[in-house]
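**Q** Can you make the complete structure from the sequences, with help from the hints?
The lines below spell out each chain.
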Amino acid sequence: MEDLLAILIGLLYAAGVYQMLRRSIVKLILGLLFLSHATNLLLFYSGGLRGLAPLVTEAGSVMDPLPQAFILTAIVINFGIIAFFVILLFRAYQINRAEDLDELHRTE
Amino acid sequence: MVDLKRDMLTPLLFIYGLAFLQPLFHPFDRKRIGWLLALLPFFLTLHFIDYIEPLAQGERPLEFYSWVPSMGLNLSFFLDPLSLLFALLITGIGTLVLIFSGEYLGNEPEQTRFFAVLLLFMGSMLGMILSNNLILLFVFWELTSFASYLLIGYYHEKQAAREAALQAFVITTLGGLALLVAVILLGQVVGSYELSEVLKQKELLQASPKYPVILTLMVLGSFTKSAQIPFHFWLPSAMQAPTPVSAYLHSATLVNAGVYLLSRFAPALGGTELWFWFLVTAGGGTLIYGAWMALFQHDLKLILAYSTLSVLGALFFLLGLGGDAAIGAMLLLLFAHALYKAALFLVAGVIDHQMKTRDLTRLAGLAKKMPWVAFAAALSSLSFIGLPPFLGFWAKEGVYSALLGREGGVPLFIFIMSANVLLVASGLLVGFYPFWHQFKQHAGPRHLRGLGFLLGPLLLALFGLFYGVVESDLPQKLFNPAGLAMGQAGTAVQIGHWQGGTELFFSALTLLLGGCVFVWRVNYLSFRPHLGPLAALTPQRLYFTGFQYLKRFALWLTEHIQNGYLRFYLFVFFLALLLLEGWAWLRLSGDIQLDLSGIRGWDWAIAFLIASASLATLFVRRFLFAILSLSVVGVGVIFLFALNGAPDLACTQILVEAQLLVLLVLLLSKLPRYSKVSSFWVHLRDGILSAAFGGLITLILLQAKREQHFSSISGYFKAHALDLGKGANMVNVILVDFRGLDTLGEITVLTVAGIGVFSLLKLKIK
Chain R
0 MEDLLAILIG LLYAAGVYQM LRRSIVKLIL GLLFLSHATN LLLFYSGGLR
50 GLAPLVTEAG SVMDPLPQAF ILTAIVINFG IIAFFVILLF RAYQINRAED
100 LDELHRTE
Chain B
0 MVDLKRDMLT PLLFIYGLAF LQPLFHPFDR KRIGWLLALL PFFLTLHFID
50 YIEPLAQGER PLEFYSWVPS MGLNLSFFLD PLSLLFALLI TGIGTLVLIF
100 SGEYLGNEPE QTRFFAVLLL FMGSMLGMIL SNNLILLFVF WELTSFASYL
150 LIGYYHEKQA AREAALQAFV ITTLGGLALL VAVILLGQVV GSYELSEVLK
200 QKELLQASPK YPVILTLMVL GSFTKSAQIP FHFWLPSAMQ APTPVSAYLH
250 SATLVNAGVY LLSRFAPALG GTELWFWFLV TAGGGTLIYG AWMALFQHDL
300 KLILAYSTLS VLGALFFLLG LGGDAAIGAM LLLLFAHALY KAALFLVAGV
350 IDHQMKTRDL TRLAGLAKKM PWVAFAAALS SLSFIGLPPF LGFWAKEGVY
400 SALLGREGGV PLFIFIMSAN VLLVASGLLV GFYPFWHQFK QHAGPRHLRG
450 LGFLLGPLLL ALFGLFYGVV ESDLPQKLFN PAGLAMGQAG TAVQIGHWQG
500 GTELFFSALT LLLGGCVFVW RVNYLSFRPH LGPLAALTPQ RLYFTGFQYL
550 KRFALWLTEH IQNGYLRFYL FVFFLALLLL EGWAWLRLSG DIQLDLSGIR
600 GWDWAIAFLI ASASLATLFV RRFLFAILSL SVVGVGVIFL FALNGAPDLA
650 CTQILVEAQL LVLLVLLLSK LPRYSKVSSF WVHLRDGILS AAFGGLITLI
700 LLQAKREQHF SSISGYFKAH ALDLGKGANM VNVILVDFRG LDTLGEITVL
750 TVAGIGVFSL LKLKIK
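Same order as they appear, the protein sequences are chains R and B.
To convert, note that position 108 of the first sequence is 107 in numbering that gives the first Met the number 0; the numbers rise steadily by one, no gaps.
To convert, note that position 452 of the second sequence is 451 in numbering that gives the first Met the number 0; the numbers rise steadily by one, no gaps.
Please note: incorrect hints may appear among the correct ones.
[What the hints assert, rightly or not] Pulled a few chain R residues facing chain B out of the computed Cβ check, cut under 10 Å:
id: 1; residue: L41
id: 2; residue: P53
id: 3; residue: T56
id: 4; residue: P64
id: 5; residue: L65
id: 6; residue: A82
Since the hints were derived computationally from the structure, they do not count as laboratory data.
C-beta: ideal position from N, C-alpha, C; glycine also.
**A** Below, the structure is given as structure tokens:
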């Protein structure tokens, strides 16, 4: 499963980077979301995938809890940032009527 | 008696302190403020005079405070006869210049600024010659450049002054950087930044392969500061400064800093073939060039500036020759020149201030208007041209005897004598012509008030006469020990002892020829030689052209690198990441095996879901569909977490995905359809980059799986979650207990983002 996950992460990164290189701001946001998924999964991958949910009460070998704690924090913070960014973009669009980054890059 | 151990940092602190405090005194009397401020350098001069005796007897006071010892940077000061000679010039001439400046600037509103910078300069220059630490010396060196920049640009409303200031600053800072590198290399070779240590290592330094580099950089630093060819042109431009500044910085002290530096390092770096050629060619070139150019100027200050260039060239020339006689002559010439040139500059200042012009062709008969100034000018100019028994004469005798007494010195002698002939003419042109020609026609009322104007030129001129006539112990107490400090034990400066018939004959010949040139010049005052097409090759033009191109290049570079296109920045960023990481991966990679066995059916299903949804996001043509397929990716991730032992993550992700979906759909669905703006090739280029980047990540991950360098620290959480955190779910315990502060930070971020979102939504758009 790890190797499959590694391929998936690569795919998500590729999709994210490709989106971010486009001119549309919306695609920039989509790209960021892809990157955040990919990075979360990368952290997840780093802890190893073999094991049960990290509960003390589990009898068998459990997964490493630390990456999971990191990811949890990352998911929440990422949500905050994306939400702010989306609103910012929306307001900017309302003012400029442009969602093309090239048309924004000299806006006062 | 002074306490020799603790007396060098204090003067600096006093001067800097005065620079800060002096604005407080200005409201009382603007014109006499100079007298008040001059008290400090006056007492410092007395203070340094006290040092003459003990230093001549071989005492070497040191003062040491640790500053940044780990970098070898210490507040370490020392005093030897060579630094003492400079210290006396700095404080002594500084006293007179301060008195003069008060009078000269008179009612100018920005007087305070002037005095602050002048004192800053005085302190830094003094600090430089007292520094026993190379890095400290560099710091003071740069401070003097900076002060010079501010003083040249004092009349900042004039564009010419600003340009001259910038030019001087750029050139001297260039040299300063060279000096810094030289200092670091010296420190590396010797292993210490303490000057007194470095100077002892002559053999080590000269045998080092770095020696040519060190010497070249050091010479570059000196030549820029002391305006030697090809860096000479900033000095004539610097005449834009107020005249007291020209007298103080650009004739007597600042421009001698380069001479000081090389004199200081002469015992360690000097005496080699390279040293000789550097100093003799540049010094000799500047010597003749300055003398030639001085003759054809009409502006009094420019004549003085070019003749200063010439004398500076002579100093380097003599320093390059080396040997007891040449060094002795150099020290005396340095001293004599500082006295008469500062006096002449001050005289030019008086003329400029009273007559509102410095143009030779428009000045006449001034001796009647200002007899005392004419007297001072005559005395200094006689010292300048080297008439016995003035100090300048003995200096010239010394130079002649050093060259004539040298094997193969005759061509050099002829060379230096021809420059001197030209200088004699310039000296007469400055010191006599404006005062005495058409004397009868210009009878007018006496026209000068203020002792402040007279004191400086008169005292300096009289010193030049006094030390030439009176048998003082200056040579034994100051010049000879200074020569000793430069490694020339046999230095015997002669003042008041006739050297012999040959020197005297040539001195007289110089004066005679110089007189002839002067007479010719006076009769053809409007003549100026022209360079013609060669003018484009002068360093000054090259500097300007170079500067133009530099500006254009900077503009071009900024426009191309910082072009305002986000995707360009991102492209460069990801490309760099790809290349660097790819290179690192290629260097480290072992064999990679892809192991896809033992994967459960639902894992395949999830992977397929995520992959296809990702691709769909890229290719759909409407935002709404893109958002929906992105949500499908999110759902895939949730399943992935849930089925692989991470229920907490799955829960959080569900909440976040749901909210994001709502937010995105609500807001972004109002946006228009995608417009197709990029060409196929751009898509292809970006596609290749992103695919390569993603592929590299996969490879790195596969590689990373095989390597584990540290064991996980999670054992601690497992062992203590229950007893310390009172919880069975380790992830939760980590978040709310073990790493609780991190979570607090996370909540803060969310709060800030929430406030931002709220206020953006509330914002009324006009």
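**Q** Hint by hint, where does the structure go against what was stated? Just the numbers, ascending.
**A** Structure breaks no hint.
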